[in-house]
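Colleague: Listed below are the residues making up each chain.
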Amino acid sequence: MALDKTGIAKRAAQELQDGFYVNLGIGIPTLLANYIPEGMDVILQSENGLLGIGEFPEKGKADPDLINAGKQTVTAIPGASFFDSALSFAMIRGGHINLTVLGAFEVSENGDIASWKIPGKLVKGMGGAMDLVASAKNIIVTTTHTDRNGKSKLKKTCTLPLTGVSCVKTIITDLAVVTVTDKGFKLLERAPGVSVEEIKNATEGNLIVEGNIPEMNLQ
Amino acid sequence: MNKVVKNAAEAIIGLKDGMTLMIGGFGLSGIPENTLKELARIKVKNLICISNNAGVDDFGLGVLLRDKQLKKMIASYVGENKEFERQFLSGELDVDLVPQGTLAERIRAGGAGIPAFYVPAGYGTEVAKGKEVREFNGKMHLLEYGLTADFAIVKAKYGDASGNLIFNNTANNFNNMMATAGKITIAEVEELVPVGELNPNHIHTPGIFVQRIFQGVDYEKRIEFETTR
Numbered sequence: 000m001a002l003d004k005t006g007i008a009k010r011a012a013q014e015l016q017d018g019f020y021v022n023l024g025i026g027i028p029t030l031l032a033n034y035i036p037e038g039m040d041v042i043l044q045s046e047n048g049l050l051g052i053g054e055f056p057e058k059g060k061a062d063p064d065l066i067n068a069g070k071q072t073v074t075a076i077p078g079a080s081f082f083d084s085a086l087s088f089a090m091i092r093g094g095h096i097n098l099t100v101l102g103a104f105e106v107s108e109n110g111d112i113a114s115w116k117i118p119g120k121l122v123k124g125m126g127g128a129m130d131l132v133a134s135a136k137n138i139i140v141t142t143t144h145t146d147r148n149g150k151s152k153l154k155k156t157c158t159l160p161l162t163g164v165s166c167v168k169t170i171i172t173d174l175a176v177v178t179v180t181d182k183g184f185k186l187l188e189r190a191p192g193v194s195v196e197e198i199k200n201a202t203e204g205n206l207i208v209e210g211n212i213p214e215m216n217l218q
Numbered sequence: 000m001n002k003v004v005k006n007a008a009e010a011i012i013g014l015k016d017g018m019t020l021m022i023g024g025f026g027l028s029g030i031p032e033n034t035l036k037e038l039a040r041i042k043v044k045n046l047i048c049i050s051n052n053a054g055v056d057d058f059g060l061g062v063l064l065r066d067k068q069l070k071k072m073i074a075s076y077v078g079e080n081k082e083f084e085r086q087f088l089s090g091e092l093d094v095d096l097v098p099q100g101t102l103a104e105r106i107r108a109g110g111a112g113i114p115a116f117y118v119p120a121g122y123g124t125e126v127a128k129g130k131e132v133r134e135f136n137g138k139m140h141l142l143e144y145g146l147t148a149d150f151a152i153v154k155a156k157y158g159d160a161s162g163n164l165i166f167n168n169t170a171n172n173f174n175n176m177m178a179t180a181g182k183i184t185i186a187e188v189e190e191l192v193p194v195g196e197l198n199p200n201h202i203h204t205p206g207i208f209v210q211r212i213f214q215g216v217d218y219e220k221r222i223e224f225e226t227t228r
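Protein chains in written order, with numbering that gives the first Met the number 0: chain Z, 0 to 218; chain L, 0 to 228.
Simulated from the structure, these hints should not be mistaken for lab results.
Some clues are possibly wrong.
Stated by the list, open to error - Some chain L residues close to chain Z (C-beta under 8 Å, calculated; not the full set):
{"hint": "1", "residue": "F25"}
{"hint": "2", "residue": "T101"}
{"hint": "3", "residue": "T147"}
{"hint": "4", "residue": "N167"}
{"hint": "5", "residue": "Q210"}
Stated by the list, open to error - Computed cross-link-like contacts, DSS-like style, restricted to lysine-lysine with a CA-CA straight-line distance of at most 27 Å:
{"hint": "6", "chain 1": "Z", "residue 1": "K185", "chain 2": "Z", "residue 2": "K154"}
{"hint": "7", "chain 1": "L", "residue 1": "K44", "chain 2": "Z", "residue 2": "K116"}
{"hint": "8", "chain 1": "L", "residue 1": "K42", "chain 2": "L", "residue 2": "K70"}
{"hint": "9", "chain 1": "Z", "residue 1": "K123", "chain 2": "L", "residue 2": "K5"}
{"hint": "10", "chain 1": "Z", "residue 1": "K58", "chain 2": "L", "residue 2": "K44"}
{"hint": "11", "chain 1": "Z", "residue 1": "K185", "chain 2": "L", "residue 2": "K42"}
{"hint": "12", "chain 1": "Z", "residue 1": "K123", "chain 2": "Z", "residue 2": "K168"}
{"hint": "13", "chain 1": "L", "residue 1": "K128", "chain 2": "Z", "residue 2": "K155"}
{"hint": "14", "chain 1": "Z", "residue 1": "K120", "chain 2": "L", "residue 2": "K156"}
{"hint": "15", "chain 1": "L", "residue 1": "K138", "chain 2": "Z", "residue 2": "K168"}
Where a beta carbon is used, it is the ideal one built from N, C-alpha and C, also for glycine.
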């Protein structure tokens, strides 16, 4: 069965490693923070100037001077630091962030990503997404495999305006874990109960299937 | 040397129609509320405004937008604002969307006397249109230009009469760089303290970058998305 958002976040959290500095995008990526394995030190960066994002504040304790990049009130963990936006993007552009996790409208089989603009719809701006995808050492996209109309988000080429080119390494969807290779998408894992055939049918780009594809372990 | 002015009205003396302004803040966090109110009151027009966001419909930069005081916005994200959407789609407002890190660096560079630099952000996207492309270390980069402004308007938690500033938590954001990039930089602060009271080790913005400073009043410090456990 296809995973829900929580399932995608749980599987994506397995990609975290002790000591990682991580930038999480809005939506499913934000949920990863709930599934950081116990005993693992993962420091979350917020591009508006916080390294060490903590939990949401208790009721009545929200601080207008302490927000995340989604403009939600947050807290800072012990050992956190604050800084200006130029230094924040020095962390990102300079390759100091180990992992970026973000959502997408489309990913192409060569790792291009479209995530910020749909022609004809309201343009809100790219925020920090273009900076993040252009410079992160490792980029994971978390998304549903298909859109609301059942159309594949894993494309041969992106049709929407791009956020970045040849940058996505791994895609974790409600159906599968896929890595981007020179020859296209390579299937690594299936969601529990989902067949290779179903994943193939939901993938527009070239999908490489080699040998037995294991199910995700979500325990 | 006296940098201290009474209030926002005195701080913006010389600020005229058609000027380029930098306005500090991220969302509604760390915006110069007092000066923005004064700009709305005096109805200065045709402004080019450099700010990461555009406020919300009835607060922050959104008020200047509503009253059609802005000719052009240079920003990275302008969601959360219906009037912005309307003016943008109708062509009344000229908008230059810039990746956030590039925007921050363009302001830092402008203030630091660096006319241009290369960054990878935006390569291969519509942001790259018309820009010089150059390869460094096997990676493609875009030429981007430093930004300066006639007035940079920033907000800090603490300041002193020398113009030294200390920000609070994530309310620093664009304020620190913008302070360096204004021909005239106005700082409004929550607490203006006597010279010597701020620990020099803790200063974020050294006073050399600030020409006018005042203690603001009646800070509303509105929260855009109050989220609790």
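Colleague: Taken at face value, is the distance from the CA of K155(Z) to the CA of K128(L) at most 27 Å?
Modeller: Satisfied, since the Cα-Cα distance of roughly 24 Å is no more than 27 Å.
Colleague: For a C-alpha distance cap of 27 Å, please report whether K123(Z) and K168(Z) respect it.
Modeller: Holds, at about 26 Å.
Colleague: Does K168(Z) sit within 27 Å of K138(L), going by the straight-line distance between their CA atoms?
Modeller: It holds: about 16 Å lies between the C-alpha atoms, which stays within 27 Å.
Colleague: Going straight from one Cα to the other, do K58(Z) and K44(L) come out at no more than 27 Å?
Modeller: violated (41 Å)
Colleague: For the hint on N167(L), does the least C-beta distance to chain Z fall short of 8 Å?
Modeller: holds (5 Å)
Colleague: Taking the closest Cβ pair, is Q210(L) under 8 Å from chain Z?
Modeller: For Q210(L), the interface hint is violated, since the closest Cβ of chain Z sits about 20 Å away, which is over 8 Å.
Colleague: Straight-line Cα separation of K44(L) and K116(Z) no greater than 27 Å?
Modeller: Not satisfied, since the Cα-Cα distance of roughly 30 Å exceeds 27 Å.
Colleague: Decide if the proposed pair is consistent with the structure: K185(Z) and K42(L), CA atoms, cutoff 27 Å inclusive.
Modeller: Violated - the C-alpha atoms of K42(L) and K185(Z) are around 58 Å apart, more than 27 Å.
Colleague: For the pair supplied as a hint, K42(L) and K70(L), is the alpha-carbon distance within the 27 Å limit?
Modeller: holds (13 Å)
Colleague: Given a cut of 8 Å on the nearest C-beta pair, is the interface hint for F25(L) held or broken against chain Z?
Modeller: Holds. Min distance 4 Å.
Colleague: Holds or violated: the hint that T147(L) contacts chain Z, with Cβ atoms closer than 8 Å.
Modeller: violated (15 Å)
Colleague: Is the Cα-Cα distance between K120(Z) and K156(L) 27 Å or less?
Modeller: With Cα atoms ~38 Å apart, K120(Z) and K156(L) exceed 27 Å; violated.
In summary, the structure is inconsistent with hints 3, 5, 7, 9, 10, 11, 14 from the numbered list given earlier, while agreeing with the others.
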